[in-house]
Each structure stands twice: as structure tokens, then as C-alpha cells.
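K.L.:
Here is how the chains run, residue by residue.
2 protein chains.
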Amino acid sequence: MKFSSKIQRCALSPIRKFYPYQVECVKQGKKIYHLNIGQPDIKTPPIYFETVRNFSAPVLEYAPSPGIPSVIQAVQKYFEEIGIHYDTPDIVVTSGGSEALMFTMATILDDGDEILIPEPFYPNYSTFVNTTGGKIVPIPTTAEEGYHYADKDKIEKLITPHTRAIMFTNPGNPTGAVLNHEECKMLAELAVKHDLFLIADEVYREFIYSGEPLSSMGSFKEAENHVILIDSVSKRFSACGARIGVVITKNKDFQGEFMKLCQARLSVATLDQLASAQLYTVDKSYFEEVRVEYKKRRDTVYNALSKIPGVICKEPKGAFYVMAKLPVKNAEDFLVWLLTEFEDKGETVMYAPGGGFYATPGKGLNEIRIAYVLNCQDLERAIELLRLALEQYKD
Amino acid sequence: MKFSSKIQRCALSPIRKFYPYQVECVKQGKKIYHLNIGQPDIKTPPIYFETVRNFSAPVLEYAPSPGIPSVIQAVQKYFEEIGIHYDTPDIVVTSGGSEALMFTMATILDDGDEILIPEPFYPNYSTFVNTTGGKIVPIPTTAEEGYHYADKDKIEKLITPHTRAIMFTNPGNPTGAVLNHEECKMLAELAVKHDLFLIADEVYREFIYSGEPLSSMGSFKEAENHVILIDSVSKRFSACGARIGVVITKNKDFQGEFMKLCQARLSVATLDQLASAQLYTVDKSYFEEVRVEYKKRRDTVYNALSKIPGVICKEPKGAFYVMAKLPVKNAEDFLVWLLTEFEDKGETVMYAPGGGFYATPGKGLNEIRIAYVLNCQDLERAIELLRLALEQYKD
Chain D
222 MKFSSKIQRC ALSPIRKFYP YQVECVKQGK KIYHLNIGQP DIKTPPIYFE
272 TVRNFSAPVL EYAPSPGIPS VIQAVQKYFE EIGIHYDTPD IVVTSGGSEA
322 LMFTMATILD DGDEILIPEP FYPNYSTFVN TTGGKIVPIP TTAEEGYHYA
372 DKDKIEKLIT PHTRAIMFTN PGNPTGAVLN HEECKMLAEL AVKHDLFLIA
422 DEVYREFIYS GEPLSSMGSF KEAENHVILI DSVSKRFSAC GARIGVVITK
472 NKDFQGEFMK LCQARLSVAT LDQLASAQLY TVDKSYFEEV RVEYKKRRDT
522 VYNALSKIPG VICKEPKGAF YVMAKLPVKN AEDFLVWLLT EFEDKGETVM
572 YAPGGGFYAT PGKGLNEIRI AYVLNCQDLE RAIELLRLAL EQYKD
Chain S
222 MKFSSKIQRC ALSPIRKFYP YQVECVKQGK KIYHLNIGQP DIKTPPIYFE
272 TVRNFSAPVL EYAPSPGIPS VIQAVQKYFE EIGIHYDTPD IVVTSGGSEA
322 LMFTMATILD DGDEILIPEP FYPNYSTFVN TTGGKIVPIP TTAEEGYHYA
372 DKDKIEKLIT PHTRAIMFTN PGNPTGAVLN HEECKMLAEL AVKHDLFLIA
422 DEVYREFIYS GEPLSSMGSF KEAENHVILI DSVSKRFSAC GARIGVVITK
472 NKDFQGEFMK LCQARLSVAT LDQLASAQLY TVDKSYFEEV RVEYKKRRDT
522 VYNALSKIPG VICKEPKGAF YVMAKLPVKN AEDFLVWLLT EFEDKGETVM
572 YAPGGGFYAT PGKGLNEIRI AYVLNCQDLE RAIELLRLAL EQYKD
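Keeping their order, the protein sequence lines are chains D and S.
Start counting at 1 in the first sequence, then tack on 221, and there's your number in our numbering.
Start counting at 1 in the second sequence, then tack on 221, and there's your number in our numbering.
Honestly, the hints are just simulated from the structure, not real lab data.
Cβ atoms here follow ideal geometry from the backbone N, Cα and C, with glycine treated the same way.
Incorrect hints may have been included.
Stated by the list, open to error - The following residues of chain S were derived to be distant from chain D, with all beta-carbon distances above 10 Å:
(1) Y242
(2) E302
(3) L482
(4) V513
Claimed, not checked - Covered, in the sense of this in silico footprint (three residues per stretch, anywhere, with C-beta under 8 Å from a C-beta of chain D), are these stretches of chain S:
(5) 324-331
(6) 357-366
(7) 541-553
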């Protein structure tokens with residue numbers, strides 16, 4: 222029996238193939254420091270659990286397809302506070318940022334259409350694009366330049382009659398790169414000039430460490446018909462398991478098409494929506510505390526990492542990832558060695574190999590992504606293990 | 222800005238256009254009996270809410286992409302009890318039956334591929350198929366024959382080199398038709414003979430009213446590589462707002478491709494999975510009570526409906542829908558008249574017009590779907606209103 226040619230262009234998670242090594246490593250009694258997983262350890266605000274506890278209707282009914290009004294209003298208020306006004310129909314609740322992205326790609330991309338995405342990028346973008354028949358055209362970057370991609374000339378020369386959109390994660394996963402205001406403005410202007418959608422995946426918006434004010438691509442009024450924001454409670458409130466995201470845009474035609482998919486899947490989980498709406502009532506100090514903690518972690522990882530001879534890495538400005546180039550030929554081989562051969566006092570370390578974040582074959586092979594979602598003590602030890610391993614490793 | 226040609230082939234819910242009439246009708250102080258909505262009024266088993274109340278982890282983490290083991294084990298046990306054995310990797314948790322269907326279509330259908338579906342069918346099937354570039358080839362039926370579709374010759378002559386699958390809801394939405402064992406066997410044999418997937422949407426499996434044993438397309442061992450089961454807690458446990466479904470198949474290649482989509486969307490809501498697993502511990506008497514209640518409703522609706530002069534309708538055997546042909550030219554026009562002109566003691570009635578359940582233009586225009594999810598007294602009054610309205614209506 223045949224499968225869709227589109228699904229066959231997609232891949233299983235590149236991390237998956239290291240799982241058997243991980244299992245074997247644990248079986249041998251070794252402790253692994255996991256720098257490979259993006260699951261935050263920060264507590265979910267208790268009001269989430271209080272809200273689901275207080276649900277008292279006897280029937281767990283479908284929610285409306287565009288989302289429960291309290292979630293939409295909470296998101297509206299959140300943006301109002303950073304100076305951006307959205308009307309109710311501009312915001313649609315989705316099953317996580319993932320569904321928002323999947324449905325956005327299905328709404329705008331057709332066979333042969335192109336979407337520009339800075340490389341390295343969040344690997345699931347490939348599946349979201351490939352299932353539509355569209356094609357990712359990578360905007361190249363380098364570790365040496367801190368994975369900087371917001372370069373007008375570089376982007377403009379990739380635009381063809383087939384280009385439909387530019388998509389980026391800001392703050393960036395996997396790079397931690399953050400766009401400044403001028404760069405955002407330039408991207409907005411490019412989108413208007415070339416009549417493209419600008420898909421801004423801003424799920425890490427709160428995670429910026431240089432004291433910049435919170436911003437969003439939604440603040441460029443002249444591009445409001447082009448900008449599609451992707452947002453989520455997952456990282457902002459450490460509520461990844463809620464699967465509550467939103468797609469936000471002033472483009473009414475887009476919302477009309479997007480809603481067909483929302484209606485077809487009926488609704489997003491009712492309790493999770495009700496509880497997520499309440500997350501937005503937490504005091505602003507919550508974000509500040511979380512930011513301080515992650516900044517400490519960022520500093521810990523970056524300081525230790527940049528001292529390792531041969532490692533190339535610029536200070537990441539946001540999200541909770543660092544991407545770095547290692548003095549090895551192949552970071553996948555090195556990871557297998559870390560799990561099978563290396564140990565220091567019974568401990569080793571795991572990261573995400575860089576190749577999986579690139580669409581261009583052969584790129585990123587000596588790069589790695591580190592997620593700093595452990596406490597500082599563990600992070601220090603993890604980077605120490607990486608340093609010790611690099612000293613011993615011969616490739 | 223252009224949108225995908227595939228999304229443009231999809232439509233918004235056909236029910237949507239009657240919403241303004243409904244609002245106006247309520248504004249005028251009229252009471253509407255809703256026979257148009259598939260939201261059951263049966264209580265969700267309290268254990269669902271107890272489980273979410275007892276969740277005590279401090280962080281709401283991502284669940285594994287294939288689903289939380291307790292849900293998978295609960296579904297496994299459910300099938301074990303009706304004599305069907307599934308291994309753990311055969312079952313994957315999805316965000317409702319909707320995501321299971323959407324991902325299944327994306328896994329198997331390519332541009333130009335055909336899928337046979339008995340007509341009338343659940344309207345969202347259109348969106349699930351159209352977004353892949355595939356095409357629905359309807360298996361025609363008639364109200365006079367009780368929407369019977371399981372006819373070998375009728376189906377076989379629709380199979381072409383482009384046919385990839387046969388898909389059906391059993392028990393049927395919107396028709397309430399239920400396949401007997403011989404018909405299931407015939408479909409299984411057809412799938413094997415022509416090397417097709419057989420996608421059995423069995424979310425109404427519990428809702429059968431003629432004392433037949435619970436059955437499933439999963440029981441045909443010879444077709445196990447062809448059968449893809451779609452299941453869900455929504456109707457079985459009146460937990461539509463949980464959005465917990467499953468896709469089940471022994472076809473390992475299918476599961477491998479399907480998993481790419483599951484990994485890309487990361488996971489299904491954590492609390493809803495944990496609570497849904499517990500739903501499967503309710504006593505069997507719960508299903509029996511629900512079945513007795515729905516059978517009473519089915520009888521109430523069918524008896525009253527079949528006595529109305531000019532109405533054509535066969536006794537539905539399952540699910541909670543009746544499809545009927547009315548003695549009117551156009552059921553949409555009649556519905557608008559019901560909402561704007563008609564009333565009896567300040568009351569009127571709403572149904573789902575039949576045209577929305579057909580892919581073939583012009584078909585089903587004088588048909589309607591009734592969902593019997595109200596109590597018997599309300600159902601009697603609703604059908605009485607329909608009878609009175611038909612006596613007065615001139616088209």
C-alpha cells in the first residue's frame with residue numbers, strides 16, 4: 222500500500238536514533254545530564270491546577286471551534302499591555318503552537334510554494350511544510366556570526382515568484398538569537414514589499430536577557446495584513462502539557478481559510494483552555510523571576526562553554542538554547558561516544574546534534590544545541606563533562 | 222496574498238449560515254428545539270474530573286508523542302474484552318478522533334488519490350481529504366434503502382488505479398446505519414483483494430440498539446494490515462471536550478509514517494489523557510444505561526417521524542442520528558422558514574439540512590439529519606413541531 226509522497230519527505234525526530242544508546246547507557250548505571258530536551262523544569266503556576274479542580278459542569282462539552290472566549294480575552298489583554306490591540310476574531314485558539322503552525326502552513330502553502338526560514342531552525346518546521354507540498358528555502362547563517370539572519374540583501378536574493386512567506390522563531394530555537402527593533406522593521410517592510418506572509422513564532426517572547434522591552438512583530442501596523450503570530454502558554458507558563466496555543470492575525474482572509482481547519486477538528490480541549498485563560502492572571506513578577514533564573518542559567522552555560530578550547534559560540538540573547546560549534550568532525554558520532562565510551566565519575570552528558578536543525582545536507586554536522594532547562598549546578602557539571610570529553614575524544 | 226488551492230477546496234461548516242437566523246429567532250423570544258447538534262447531554266463519568274483534581278505534579282509536562290501508556294493500556298484492555306488483541310505500538314493517542322482522521326488522510330493520500338466514502342457522510346471528512354489533494358469518490362445510497370452502502374458490486378465498480386482507501390463511520394453519522402458481520406467481512410475482503418486501506422471510524426461503536434454484540438473491523442485478522450481504526454472517548458463517555466482519540470492499526474509501515482506527524486505536534490494534552498485512561502475503568506453498566514436511554518430516544522424520534530405524511534426514513538440501528546427525506550423541495554429553505562416564519566406556542570425546531578452531508582452537488586437537498594441528544598419529552602415536542610410546520614409549509 223502506498224503512502225503520501227509528502228509524508229515520505231518528512232522524517233522522524235533525529236533525536237530518536239540515540240534513544241537505544243541512552244537506554245544502554247542508563248542500564249550500565251551511568252548518570253546522564255540531559256541538555257537535549259526543551260522541557261522546562263519551572264513550576265506551572267498553581268492557578269492552572271486550581272482551575273481544573275474547580276470545574277463543576279456535569280458534562281465535558283466541546284468548546285467553540287475558534288476557542289473559549291476567556292482564553293481569547295486573556296491573550297487580547299496580554300497584547301494590550303504591550304501596546305498591541307487585537308480584536309476578538311483576530312485570535313484563534315489552537316492545540317499548542319504546533320497546531321497553529323501546522324494549520325498555518327496548510328492554509329498558505331501549495332505544491333511548489335517556497336517559504337524562507339533561517340537555518341538552523343526548529344526541526345518540526347520541516348514536517349509542517351513538507352506535508353503541504355511546499356519547500357523550505359533556508360536563509361543561511363554561521364555560528365561565527367551568532368546565527369544572524371536578518372540581513373536584507375541575503376534574504377531578498379532568495380525571494381522568487383514562488384515565495385509565499387518568511388518564517389522565524391524569535392527569540393530563536395535552536396540559536397537563542399533575538400531580533401532587534403530595526404531588524405523586525407526590516408522584515409516587516411520586506412513582507413509588505415514582496416507581498417509575503419511573515420510568520421513570527423514568538424513562543425519564547427518572555428525569554429530575553431538584555432533588558433529589552435517585550436516586543437512582537439504584531440506591533441508593525443503597516444504589515445498587519447502580512448503578520449501571522451504564533452504564540453503558546455507552553456514556555457511562557459511552563460505549561461507544555463496543556464497544548465494551548467493561538468494564531469493571531471489581522472488578515473481576515475487568512476482567518477477565514479484557517480477557520481475551515483479549526484472547524485474540521487471541532488475544538489481544543491475544554492479544561493485546558495479554561496485553565497490556560499487563568500494563567501494569564503499571574504502576577505508579572507512570575508515572568509521576572511523566571512527570566513532571572515534563566516538568565517543565570519544562560520550565563521552559566523555560555524561562560525563555561527565559551528571557555529572550552531575550539532568551541533565557537535556567541536552569547537545567545539533569548540529563549541533557553543545555545544547553539545555551538547564543537548572541535549569535532551561529527552557531533553552525532555561524538556554523542557554516541559559520550560553515551561557508550563565516555564564517563565567521568567559515572568556521569569556523562571547528552572545534547573541535540575546540530576545536523577537535525579538544518580535542511581541543507583551536510584550542514585551543522587559539528588554543531589550542537591544545548592537546552593538550559595536544568596539548575597545551574599547541574600548545568601555547570603554538564604558543561605564540565607562536555608569539556609572533559611572533548612579533551613579525550615579523538616575523531 | 223495567495224492561499225493553498227487545497228484549503229480553498231474546503232468549506233466552512235454548512236450549519237454556520239443559519240446562525241444569524243437562529244440569533245434573530247431567539248431575539249424574537251422563540252424557543253428552539255435543537256436537533257442539529259451532536260453534543261450529548263449524558264453526564265461525563267465523575268472519575269474524569271476526580272482524576273484531574275488529583276493531579277499533583279508541580280510541572281505540567283509534555284506527554285510522549287505516541288501517548289501516555291495508561292491510555293494505550295486502557296484501550297488495549299477495552300479491545301481485549303471484545304476479543305481483539307492489540308500490541309502497545311498498534312495504538313497511538315491523538316487529539317480527538319478528528320486529529321486521528323486528519324493525520325490518517327495526510328499519511329495515505331496524495332494529489333489525485335481517491336478515497337471511497339458512502340454518501341451522505343460526516344462533513345469534516347471533506348476537509349480532511351481535500352487538504353491532502355485527494356478526492357472523495359462517493360458511494361451512492363438512498364433514503365428509501367436506509368442509506369445502505371455495503372454492496373460489493375456497487376463499491377467494486379468505483380475502484381480505480383487511483384483508489385487508496387475505503388472510509389466509513391460505523392455506526393453511521395449522519396445515517397445511523399450499522400454494518401452487519403457479513404457486510405464487515407465483505408469490506409475486509411474487498412480491501413485485501415484491491416490492496417486498499419479500510420478506515421473504520423468507530424467512535425459510535427457503543428451505540429447500537431438491536432442487541433448485537435459489540436464488534437469492530439479490527440476483528441478481521443486477514444485484513445489486519447489494511448484496517449485503520451479511529452476511536453475516541455468523546456461519544457463513548459460523553460467527554461467530547463477531552464479531545465482524546467486513538468488511531469489503531471497492525472500496519473507497522475502506516476504507524477511509522479503516522480508517527481512523523483505525531484512527533485511534529487509533540488504531544489496530546491497531558492491531564493486529558495490521564496483522565497481519559499480512567500474513563501475506561503467505569504463499570505460496564507454505564508454503557509448499558511446510556512444505550513437504554515438512547516434506544517428510547519431513537520424509538521421516540523423514529524416512531525414520531527415515520528408517522529408524518531410524506532417523510533421517508535428507515536429505522537436507524539445505531540449512533541444517535543436519523544436521516545430522513547422530507548416532503549419539501551429544499552430543506553435549507555424550510556429551515557429558514559422554521560426560524561423566521563413558523564411558530565407553535567412560541568416554539569420552533571432546528572435540524573441539520575442534508576445537502577451538507579453530500580459531496581455530489583444537488584444531492585440530499587430535501588433531506589435532514591436529526592441528532593437525538595435531547596430527553597424524550599423534548600424530542601417528542603420537537604418532532605411534533607416538525608409535523609405541524611410541514612402541514613403549514615408551502616414551497
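K.L.:
It remains to establish, for every hint, whether it holds in the given structure.
P.N.:
We went through each hint and held it up to the structure:
1. Y242: 19 Å, holds
2. E302: 24 Å, holds
3. L482: About 7 Å separates S:L482 from the closest Cβ of chain D, which leaves it inside 10 Å; violated.
4. V513: 18 Å, holds
5. 324-331: holds (count 5)
6. 357-366: violated (count 0)
7. 541-553: Violated: only 0 residues of the region 541-553 of chain S have a Cβ under 8 Å from chain D.
This entry does not satisfy hints 3, 6 and 7, going by the numbered hints stated previously.
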